[in-house]
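S.K.: Given next are the chains, with one letter for each unit.
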Amino acid sequence: MKQITILSGKGGTGKTTLTASFAALARNIVVVDCDVDAPDLHLLLHPQIMKTQQFVGPKLAVIDKTKCVECGLCREACRFDAIDDTLEVDSLLCEGCGVCVVVCPEEAISLKKRISGQAYISKTRYGTMSHARLTPGEANSGKLVTLVRHNARRIAEKENRGLILIDGPPGIGCPLIASVTGVDVGFVVTEPTVSGIHDLQRALQLLEHFHIQPFVCVNMYDINTENTEKIIEFCEENSVKVAGKIPFDQIVTEAMVNGKTVVEHSPRSVVSRGIENVWEKLLSFLNEE
Amino acid sequence: MILSIAGGKGGTGKTIVAVNIALSLKNVQLLDCDVEEPNAHLLLSPKISETKPVYLPVPQIAEELCDHCGKCSQFCEQNALFVSPEKVLVFSELCNGCGGCVIVCPKEAISEKKRKIGTVRIGMSGDVELVYGELDVGEPMGVPVIKEVKKQIKNHKTTIIDCPPGTSCPVIESIHGSDYCLLAAEPTPFGLHDLKIMVEVLKAVGIPCGVVVNRAGIGDRKLYRYCEENEISILLEIPFQRKIAELYSRGIPFTLKMPKWIDKFQTLFNEIKDRVEK
Chain X
1 MKQITILSGK GGTGKTTLTA SFAALARNIV VVDCDVDAPD LHLLLHPQIM KTQQFVGPKL
61 AVIDKTKCVE CGLCREACRF DAIDDTLEVD SLLCEGCGVC VVVCPEEAIS LKKRISGQAY
121 ISKTRYGTMS HARLTPGEAN SGKLVTLVRH NARRIAEKEN RGLILIDGPP GIGCPLIASV
181 TGVDVGFVVT EPTVSGIHDL QRALQLLEHF HIQPFVCVNM YDINTENTEK IIEFCEENSV
241 KVAGKIPFDQ IVTEAMVNGK TVVEHSPRSV VSRGIENVWE KLLSFLNEE
Chain A
1 MILSIAGGKG GTGKTIVAVN IALSLKNVQL LDCDVEEPNA HLLLSPKISE TKPVYLPVPQ
61 IAEELCDHCG KCSQFCEQNA LFVSPEKVLV FSELCNGCGG CVIVCPKEAI SEKKRKIGTV
121 RIGMSGDVEL VYGELDVGEP MGVPVIKEVK KQIKNHKTTI IDCPPGTSCP VIESIHGSDY
181 CLLAAEPTPF GLHDLKIMVE VLKAVGIPCG VVVNRAGIGD RKLYRYCEEN EISILLEIPF
241 QRKIAELYSR GIPFTLKMPK WIDKFQTLFN EIKDRVEK
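Residue numbers (the numbering used here), protein chains in the order written: chain X, 1 to 289; chain A, 1 to 278.
One chain only, chain X, in its complex shape (with noise of 0.2 Å):
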């Protein structure tokens, strides 16, 4: 079983949008959104859920009131300023690490579950999808997006499935290094601006110092072909292979619009051509690694 993740640094790529389409192109896949805090591959995939489950996130602590002799022993303790002046806690500042529980010298605070998210396994016309949805404003996105995709191993190694094709989030930080680990390529949806090619050397930091593979594509590469070509000759002197590249085109948000995938609402545009391209280049490149 290989696992394919598309990533991109910057947000607003397209990362979603290729994913889709490649969803689309693909056979015997189990599609996995990590974006858990703003996920938007469901827009255009429409799953039928399943199967949900709870997403145990960080621990809340809790100050009984009773007990509390308000010495504000725990506000000084806390590190993440989440108790205030008024010794309540501020649930989206408290990470759960207890230090206020052993601070406090009257055992008035505990440390309580606190349901996060939910996670889904659901059906798309594509194949089965592990998906999640984060609680707005909560921590632990990592955490959530090693459950979803410890359930699409599990769903791929029930229906013998030979990909697991993955959204990632944007960024570097911890829900992307969780979407990327033990990935067999990272695939990097990049545009030729300059924040696009910066976020793009980042990303591709990020996959050498976990030893992924990666591969990268321009999106909306008319918007600058002088950039482009830096990309591509960024990419040729750092051995970093370029699967090509997908033009930019207004039919992409008529699709999304849609509620489809590029290559079904236009299957002949240009745009198209380019991503079944890219798709199978990506092949490719996968049975070589």
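It should be emphasised that the hints constitute simulated quantities derived from the structure, not laboratory data. Among the hints, erroneous ones may be present.
[To be verified] Pairs of lysine-lysine, DSS-like flavour, derived with a Cα cap of 27 Å:
1. Lys51(X) x Lys196(A)
2. Lys260(X) x Lys222(A)
3. Lys114(A) x Lys59(X)
4. Lys203(A) x Lys52(A)
5. Lys116(A) x Lys143(X)
6. Lys222(A) x Lys157(A)
7. Lys147(A) x Lys143(X)
8. Lys71(A) x Lys67(X)
9. Lys113(A) x Lys59(X)
10. Lys2(X) x Lys260(X)
11. Lys203(A) x Lys143(X)
12. Lys26(A) x Lys203(A)
13. Lys123(X) x Lys196(A)
14. Lys71(A) x Lys26(A)
15. Lys203(A) x Lys112(X)
16. Lys113(X) x Lys203(A)
17. Lys59(X) x Lys273(A)
18. Lys114(A) x Lys143(X)
19. Lys196(A) x Lys71(A)
20. Lys147(A) x Lys157(A)
21. Lys260(X) x Lys107(A)
22. Lys59(X) x Lys26(A)
23. Lys230(X) x Lys47(A)
24. Lys143(X) x Lys52(A)
25. Lys59(X) x Lys243(A)
26. Lys230(X) x Lys107(A)
27. Lys112(X) x Lys71(A)
28. Lys59(X) x Lys147(A)
29. Lys230(X) x Lys147(A)
30. Lys71(A) x Lys113(X)
31. Lys143(X) x Lys71(A)
32. Lys71(A) x Lys107(A)
33. Lys2(X) x Lys143(X)
34. Lys59(X) x Lys71(A)
Starting from the structure of chain X, add chain A where the hints point.
M.R.: Below, chain A without anything else, positioned relative to chain X:
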């Protein structure tokens, strides 16, 4: 006043809006809190005057004092400590620096050492002070770097905060303490979906918000309908224009080449200021 720019979805124009607002105002500082992928400095090319490493305290074990009782490991919610009969293993990347293991150790065998996880840079670009954080590649936790960036907030200046994408802890840390949050959104199904999540987050933290529609003209009208039904003001629309996109691709804030927009950003800011002061 502290104004944060967030959006939920990535690539909706948070940085463009933040940078252009900053360039349109006087006595202003811009804090780039997208420490995983900071971009504001690429548009502003600041002259850096100060570089500060960001450290996280992590435990170090004095093995000669440790009797391997395992209390530290039982305490640690991050599973950053593993105690075997002979040795204690510290998984530094998992540690959030809460300091609890030091408190619970009965043998006083644990102290803390500093581990570098990122850098904060401070500089000037014209009249705009830019502060930005950069998480070291491979480090999972951006929040401590965001906290260090936010320590540079100066009360006598207008502070603009460029937030990271998403709707989880790094965003919460970035918007915390803001007087107002401006949401950069694009009028597409993805844009609307993620905007709704951000609106929920802002309700939970009690920060008032308004919307800047970026790439207006693409997509559909559902975002406008949602804002109307939920009484969320659309304070500015930036049309989808090839010229704006091309300038951005070259790292040029479009107000520099399209100066009539300075007025629009000033008006936007004054409108927000009026709302906050009410």
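S.K.: Determine which of the earlier numbered hints do not hold for this structure and return their numbers in increasing order.
M.R.: Failing hints, ascending: 4, 6, 12, 14, 17, 19, 21, 22, 24, 25, 26, 29.
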